[in-house]
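Asks: This is what each chain is made of:
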Amino acid sequence: MDKILTNTATELSKKLESGEITSVQLVAKYLEHIEEIEPTIKAFITITKEQALRDAQASDQRRKEGKPLSKWDGIPIALKDNLSTKGVKTTCGSLMLENYIPPYDATVVERLKNNGLIILGKTNMDEFAMGSSTESSAFYPTRNPKNISKVPGGSSGGSAACVAAYEVPWALGTDTGGSVRGPASFCGVIGLKPTYGSVSRYGVVSYASSLDQVGWFTRSVGDAAALFQLISGYDPKDSTSVKVEDISSLESSVTGGVEGLTIGVIKECFGEELNPQVCRSVRASVEKLKEAGANIVEISLPFADIAIETYYIISTAEASSNLARFDGVRYGLRVPAEDVVSMFTKTRSQGFGEEVKRRIILGTHVLSAGNYDKYYRKAQKIRTAMKKEFTKVFEQVDLLITPTTPTTAFGFGEKQDPLHMYITDIYTVIVNLIGAPAISLPCGLDKESMPIGLQIIGKHFDEKTLLQAAHTLENLLDQEVEM
Amino acid sequence: MSSKYEVIIGLEIHVELLTKSKIFCGCKTDFGASPNSQCCPICLGLPGTLPVLNAKAVEYAIRAGLGLNCEIAEYSVFDRKNYFYPDLAKAYQTSQSDYPICGKGRVYYDLDQERYSCGITRAHLEEEAGKLVHSGDSIIGSSYSLVDYNRAGIPLIEIVTEPDLRSPQQAKAFLEQLKNILQYLEVSDCRMEEGSLRCDANISLRPFGEQDFRPKVEIKNLNSFRAVERALEYEVQRQTAIYDQNERVIQETRTWDENRGVTVSMRSKEEAEDYRYFPEPDLVPLIISTEWIEEVKKDMPELPLAKKDRLIEQYALSDYDANLIVSDKNIAAFFEETLTIYGESVEKAKTVTNWLTGEFFRLLNSEGIESKDSKVTPKALGDLLKAVDEQVINGKIAKEVFEEMFLTGKDPSQIIEERGLQQISDPAQLLAVIERILESNQKNVEEYKAGKEKIFGFFVGQVMKETKGKANPALVNQLLKQALDSTDGRA
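First to last, the protein sequences are chains P and E. If you use the working numbering, the first sequence corresponds to residues -2 to 480, in order. If you use the working numbering, the second sequence corresponds to residues 101 to 591, in order.
Just chain P, with the same shape it has in the complex:
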C-alpha cells in the first residue's frame, strides 16, 4: 500500500495544492487499494469507480486553471449508504431499497460536491442504521480492519472500516444512538457526532428523526474540524437545522489546549458493564488531560442509567412511522399480491430484516392507544428532564468524558440477544437524547490489540471546545506512542 493513503485529508490537501500529486493519481491509488482489500473488509456496497475518476479529472482541470472549488477539491470521501445520492444506489443496507436510485442529492452530499470532493462509493451499514455491528446489513457484514474476526461496530460500520483500512481518508456516517462513535471506537478512528441541528438531515434516510445526525470518521481531529466547517450550517430544506455561529476559524482554532477547562467524568458510565481494560485506558487518558491542565471533576448523572430504555422507546416510535413509507407502491421492493393490503404485508415482510421488524413492532406498540402515555409520553418527559439536567451540569463543566463503548470490538455472532447488542450504545445514546455534540477518539489498545475509544461530550453548538480538547488529547496520546 502506498504510504500516501495513510495521510490525513489535511495532508492530502497540501499535496494537491503543491502539485505533488493529482486527484486522478490519488483516486487511482485508493481504488487500487480498495480493489485489493475490499474482498476481505467489505466496507462498501457500491463503488463509484468510473464517476470518481471522471470527477477527479475535472478536479485536476480546475486546479490547473487555478480555480479549485475549495482546498479540498479532489480529495476522495465515502458515504454511508443512507445518504441520498443522485443517480447512485442508496440501499440503506436493506433488500427493501436494494435497487433504489434516488433522483436527488442529500444536502451534505451537495455540499461535498460543491467543494470538489470525490465520492468513491457508498458504505455498508446495519439495515436502516439499526444495529451496533453492521451484521444486520441485508447484504454482508463488514469486517473490522484491525482484526477481521471482529465486527467494525455499527451502524456506520462500513464508513468506519474504510477509513481504518485506508480505503478513503475520511467518510460520512450517521449517528442516531452512537452509530458513528461506536464504530469509530471499534475501528480505532476518530468519530464526530455534531450537535443536533448543526448539519442538515435533508437526504439522510430517516431512522429516528429527532435523534439522527450526520457524523463522520477521520484519522485526525483536524480533519474532523475541517469536515464540520465544510458541511455544517443552516439548510432551508431542514426545519430542524439551525443557524450556527461563524465557524470559519474552527479548523485552525482546535490547536488550543485544555488548560483551565473543567471536564466532568460521568460516574454512571463506569459501572459493572464496563470492561476493566477499557476503564483503565479511559482513566489514564483523563489523567493525561489533568496533567495538561484540565480541571477534572466527577459528575453524577442518574438519568444515564435509563438512557437506553428511553432511547429505544423514542427511536423505535419514530422509526415505525419513518419506515412506513416502504410499502411497495412508489419505489423499492414490491412483492406482488392479490390485493393492496397483501402487497403491503408481503413487501414489508420480505423487504425488512429481523432487527428492523423488531424495532417497527416495538415502535408501533409504544405509540398505540393505551400504551402512548405509559411509554412514549413518559420517555419524552424523561428526555426533557435529561436535557435540563445536562444544562445544569454544563453550568459546572465545559466537557464530559465517558468511554465510548463498554467493550472493544466483539466477534461476529457473539451478541445474539438483542438486549446485549443494545448495551453497546449505553454511553452514546444519551448524547443523542440531549442533542449535544460528542467525539470518540482512540485512547489505547486492549490485550488483543483492539482499539479502545473515549468519548468527549460538549455543550450544544460548542464543537470548538470539544474539538480543542480532543485535539489536545490526540497530541498527548501520539506522544505516548512515539515514546
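To be clear, the hints were calculated from the coordinates, so they are not data collected in a lab. Glycine is no exception: its CB is placed at the ideal position from the N, C-alpha and C atoms. Relax, there's no trap hidden among the hints.
Partial pick of chain P residues on the chain E-facing surface, computed with a CB cut under 8 angstroms:
#1 SER81
#2 GLU315
#3 ASP324
Partner residues aside, some chain E positions facing chain P, computed with beta carbon under 7 angstroms:
#4 PRO141
#5 LEU150
#6 ASN182
#7 ASP374
#8 ASP382
#9 LEU383
Position chain E relative to chain P; hints supplied.
Replies: What follows is chain E alone, placed relative to chain P:
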C-alpha cells in the same frame, strides 16, 4: 319536524387552501394538471426528504380562523397520523392533533329569516393525500389502481364544529354560510365537485330533555350540500325508527349512497383505526406572533353576514334579495360598485338588485359561467341604467343591450350607437307611425271607439313593432291616446 327526538348534528369540513404551492414543498397546486406532473421528492415521500412549512398556508389558516371567530393559537404543533394507503406517500399524514392552529370559534348563519349560530371546536392545518383512480369501482376488486400525487401535499384545514346543529336544514345553511365566508376570505374556492371542500357529518338523536348524548353515526361520501341534507334526513328517519322500536343505535361510520338515497354501514367503533398520533419530529412547533395575527386581521374583508345586515340597513333590501346579493362575493361587490356609478339610493338599489338577480343571474345560468368570469363591469351596468333613466333607451331595449354587454363586454353606449337603439322621443316621428297604424287598422279603431278599450294595447304593440321597440313608451301612450280620443279618429 314534529318528533319526540332532538336532532344533534356536528360537522367535520375539509377545505383545501388556495395557496400557489403545496404545504411542505414548492410544487404547484393547480387543479386538473396531468397526473403526477406536480410532484417532487418531498411530496412523493422519497427516503430522506423533509417537510418545510409554507408560510402562506399558515397565513390562510389564520385568516380562515379569524373568519370563523376562532382563537388563533400562538403555539401549535404538527403531528403524524399514521396509516397505510397507496395515496399517502409517507404512510402518515402530517396533521395537527393536540395543539391545532385555530381553537374555539363561532359561525352565525341565517335560515328562514332566523339567525342561528354554531360553535367551532377547532380548525387545524394538514396536508392532502394523493388521488386514486381505480380500474373498477373501488380499490377492492379492481384489477389495478393508479395513483396521482398531484394533490398530495396541498394544504388543508379541517374544521370541526360543536354538535350545535339541530336539523339537516340547519346543517346545510351552516355549510353554505361557511363556504361563503371562506370564499369572501379568498382562502379556498370551496368547490365540492372538485373536492376542495369535503364534509363528513355526525348525527345522533335523543329524546327532548335528555342531557346525555346518544351514540352518534358518522356519515361519509357526501358530495354536495344537498347530499349532506338528504343523508342527514335519512339518518333522522332511520334513527327515529330504531328508537321507536326501543332498540339501540350503534356508533359507527356509514357511507351515503347517493343513488339509492340511503346510508350504509362502513365500520363500527370497535374496528376504528388507531392512528398512533405523535408529534412530527421533522417540524418545529409553529409559533405565531401577535403581530402576525394583527397583520392578517387588518386585511380582513367585510364578511357576508355583516354585509347582508348592512345592505338591508343601508338600502332596505329584502332578506331574500340581500341573501342573493351576498351569497356571491363577486355579485356583492358588483352590486355596490354599480351603485357608486349609478347613484346610491333605496330605489336605485332595488333596480340594481332586480337587474342582478334577474337578467344577470339568468345569463350566468344560461351561459354556464361564473360571476367572476363575466365580461360585464359595474360601470357598464351603471351606465346602462342611467341611459334608461335618461330615456336614451327604454327598459325593453335595455335588456337586449345588457345581453350583448354580457356576451361581448362592450360598453352600453357603443352598443346603442352601433345598433341605433336610441329611444324615439320625437313626437312628430312617432305621430307619423301612429297615423299609419290607425289608418291601416280602421276596424280596430272602430272597436276601440265602441268601448273596447282593452284593444289599446294592440296599438301600442303595433307602434313598438314598427319602431323596433325603440319608441318611448310613455310618449307612445300619450300620443296614441290623444289620437284615438280625437273625434275623427285622427291625430
